[in-house]
Amino acid sequence: MTSPAATVTQPTASKPNFVRSLGLGRFTLLIVLLLIVVVTAIGNPRFLSINNLLNILFQVSTLGIVAAGQTILLITAGLDLSVGAALSVAGLATALTVMSTGSLALGIGAGVASGIVIGAVNGMLIATNRATPFIITLGTMTLLQGIAILMSGGSPINGAGALFNVFGMGDFLRVPWPVYAMLLSIVAVFLVLRFTTLGRYAFAIGGNEEAARLSGIPVRRIKIALYALNGLFVGIAGVILTGILNSGLPSMGTGYELRAIAAVVIGGTPLIGGRGTVWGTLGGVLLLGLVSNSMNLLGVGANFQSAVLGLIITAAVLLQKKA
Amino acid sequence: MNITRGALALLALGTALVAPNLAQAAEKTIAFMRGGPDPYYQYGMNAAQAAADKLGVKLITYTANNDPTQELANVQDAITKGVDGILIYAVSLSSEQAAIAQAKRAGVPIFFQYGYDPSILADSAGVMEINLYTFGEPVGEAIGKLVPDGEYATITGKLGRGDAEAFAQSFKNGMAKSGSKATDVADVAADWDRQKALDAASQIIAGHPDIKAIYAANDDMAVGVSIAIDRAGKTGQILLGGDNGAPYGTDLIAKGQMTMTNGNPPSIASVYSLRLLLGVIDGSVKPGQFYEAPTQLITKDNLADAVAWEAKPADIDKWLSDPLPQPGPGPTAPAN
Amino acid sequence: MTMDPAASLAIKVQGVTKSFLGQRVLDDVDFEVARGEVHGLVGKNGAGKSTFMKILSGAQPPDSGEIVVGGKAFKALNPIEGRAAGIAIVYQNPELHLDLSVAANIFLGAEPRKGFGIIDDRAMESRATELLARLGLSLPVRTRLGELDIAERQQVAIAKAVREQAHVLLLDEPTAALNKAQADFLFRLIRDLAKQGMAIVYVSHHLDEVLSISDRITILRNGRKVAVVDGRSSDKDGLISMIVGRSLDAVEPQREARASGAPFLNLAGVSREGRLDDVSLSVNKGEIVGLTGLVGGGANALAAVIAGLDHRQVSGSMTLGGEAYAPRAVRESIGRGVLFIPEDMRGRGLVMSLSIAKNISLAALKSLASMGWLNLGKETSVATEMAERLDLNPRAPSREVRFLSGGNQRKALLGRAIFADGQLFVLEEPTQGVDVESQRQIHDHLRLLASKGATVIFVSTDLEELIALADRILVLRGGRIEQELSPDGLDPEHLLAAIQTQSTRSVN
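Protein chains in written order, with the working numbering: chain A, 1 to 323; chain B, 324 to 659; chain C, 660 to 1167.
One chain only, chain A, in its complex shape:
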């Protein structure tokens, strides 16, 4: 018989040696964030004012809610490109309902329900089709963009009633309500991922779908549930954004999908799934907000801003890349 195993060779990480030598690992994101804070504070001391910092949190709050949901999807090795368009639809549903019925509760219900329904439909299509989530949600995104335009007749639906007072203008202990909503969403996703069977199944499906199936996990059902859950967050974000803008616009969600995915990836959750953390997503969201804010405060011209943002995102992702 063959001789017994000698040593078990460990898989080696594939980070660039320079980075490894710095021992940064999972702290790279934090360090990038700190660097930006320092540079901006030097350039414009008002950056560090409570007002500005709260502003930044306020500005990224809806993005944070959407990115929290998207984190779950990326962990399953899936994603949802339609969240931006879905956000517009949810926001419009909210605005239209509030304006026509005068009822805040109905409006919120309409927005959240639209988000969930859209998510569930996406989930069903993805669970029962061989095509990748990328392609499927690309299709639903286009469909939803059209629906948003139809719903709004192309124009903004102005007025969101009390939603504006709460989310647009309201705060508690100086912190605007949308920021609380974002933090709550992040914590909720954290709890789901860490402490629930649903969250555990998400990791299993993303890590090895076949193994998950062979372990008796009802993969199809779980996927639908997860995409619907993501839809819940999108719906909430839609309601809140409608409140902030005091209107529902057919284009209000444009660009959210890419920024949300960017935030999740910057935060360390890989596209191939199986692992991930929503705290990293929070970091990614903050990075995006910080960069944008700091560029404005430092007076970086609008033409440069897109390029700079792209550079920073690329750098953060490269530095984060794990084995």
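Certain hints may be false.
[To be verified] Computed far set for chain C versus chain A, every beta-carbon distance over 10 Å: (1) D689; (2) D758; (3) N959; (4) R990; (5) M1011.
[What the hints assert, rightly or not] The calculated label-pair distances, taken between Cβ atoms and stated as ranges, are: (6) R987(C) to A396(B): 48 to 56 Å; (7) L311(A) to N625(B): 46 to 54 Å; (8) P441(B) to L150(A): 32 to 40 Å; (9) G139(A) to M1030(C): 31 to 39 Å; (10) E1044(C) to I42(A): 51 to 59 Å; (11) D1003(C) to T132(A): 21 to 29 Å; (12) S306(A) to T622(B): 50 to 58 Å; (13) T403(B) to R1005(C): 40 to 48 Å.
Since the hints were made in silico from the structure, they are not lab data.
Heads up, the beta-carbon is just placed ideally off N, CA and C, and yes, glycines get one too.
The hints should help you fit chains B and C onto chain A, whose structure is shown.
Okay, now just chains B and C, sitting in the frame of chain A:
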């Protein structure tokens, strides 16, 4: 005897078949093309549609979704359909030039709204547009009188097309013209987007807490800016100037959150443009001329007279019976 | 046949050694094939045949040793160098482009061209036809390869090798998917190629075939070259005894008599389209049944049907514990206590990104949760206890499972099945690629489970394992249970002979 009856029957049948087509041939078909989903174009289209219905003209509508290639495809499609004329809000200068080349070859008159360039004037049925280079000036002047010194900022639209830059500059010219010594501390581009304008304004206010006035290059962005001002608790302390006079913009004026806007209602402009295009088609109007689009300064005092973006039938009737706009020289960029 | 002088050797291998994850798979192997020779390579599963073929073709480098081909010595080959040196390998299921035509496949990478680099289809087709004719083949050269059957695809692969001017042809289990007529045709082709000077290495489990076609045969056992014998004068029994050898070490403990309980799993007339034919079987509680046979014989298919993996196109009836058993999804089987442990641990079994604890709990997560909320503390203690019991190394439940060796990964999978309250364990190759220590432990655990009343069914091609572990050994062929053997007094040679008996294939 039989032959004559047969021949008469055939003639009757033939006429019955052809007559509707002849009648239809008398009805003109116009293609109305808008650049994208922007509500501005929608209002214009709605007014044009209502006017066309009253005139007995058939309107086919297209949208280019902000894509120049799509726009060209739409133009080709319309030409193939055999429309009598094209009324278009173009996406970009290059697509205008391509469109006009196509239309010229097919002999279809094409009228441009908003997108003037000297190179396209001669071959077009006409161009109607506001004067980009002076559009923000009256607003600047009005605000300049109220803000003799201090700080102000401008928030403009998507850079690259030329209009965003021109609007902001015109506002600044107006401020200077009024004799104000106020300084411009920030110029941000917010892509005509309400949310981006909100974020930009928040940052400007945070960075310059003593700022006295902000100019938003369209009223959609002005709404966003007004929210930022409101959140900072500075409504009334920071004056807001807008441009284009959309319904939500006039709302702001009514609520006292915006001082003035320079209205550029797409509704009346589209109706006039339609009439001019029809005039070129039937030969009563000379092609290749520039017309300045009707604009209107709106403040709290004249809100009631603001031209509606959402045209009512009575408005359409009035615009159809107004005297036709007179041609004028195209706007030229000021020497810098 | 006397040893030819070195000059007429097509390929000569010396002292090749290879280890994977600390386990030695090939140990100082020498090998040579002369021009125009058909050289058979035999050995049981795990003997090192496929690894050796991979090294010969350049798909893997050896840890040490030398390959001399085309007059040049290589320490390691890569596939490109291998092809350049004239070595071509044809797999069971040839790796060709199904969407291209036969001619295009044959001339892939070397298409005849017209001016401006445009491919000259006509020249390509006529040359392909010519080449095929020289080999005694007549295939429609314009047909899409995907429309041809496996035998024809193999022929195309061989023709391609000839076009590439290969002078060493490696055939890996070429007849596994062929019927008798097709196999005979292939042998004729091989003999013709050999006559034309091609050196051919023929790897197969079908000893009858190897004997009928080979000039010489090399036997591998446990990674070592045991012997090189003359093909014509050897007999099957002699080969078998060399393949199996005498396993003096790793003697498993005496088989203890285990009380067998009541009948638990019952199959009546179970058929599966194309894979199983009227299988009837009864397994008692506490029994360990081993399924074996040649590849495609039905052992894996039967395990899949029992485990609930395969339910389409299945007819016949099954009962479990007296009640009807017809699972339409794996979770239904798991619900009935049937747990499947696949051979491919990394691909189908473990979630590599998760920890040991999370992998162990995966099939019965609900039992650790109330209303969907997980009790992480309980999970950790369950995993700790299970890791202790199975002697996992490393043991910390929070370690990621990818740091475990093959044997420990297998044990972790077993842990998952045990935690999920398995009543019937269905395993594929339970100790494939596993170190000796873990092998023993896994077998001990399975016996322990059986003695506590669980039922175990396992598929294996490891003769010693079958004899040591199973209470009954079922040999499947052609989708049927052909023989039932008792391990008492059975030695590996006889078992192999039984598996090999009449390597007939369906005349189809």
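Contradicted hints - numbers only: 4, 5, 12, 13
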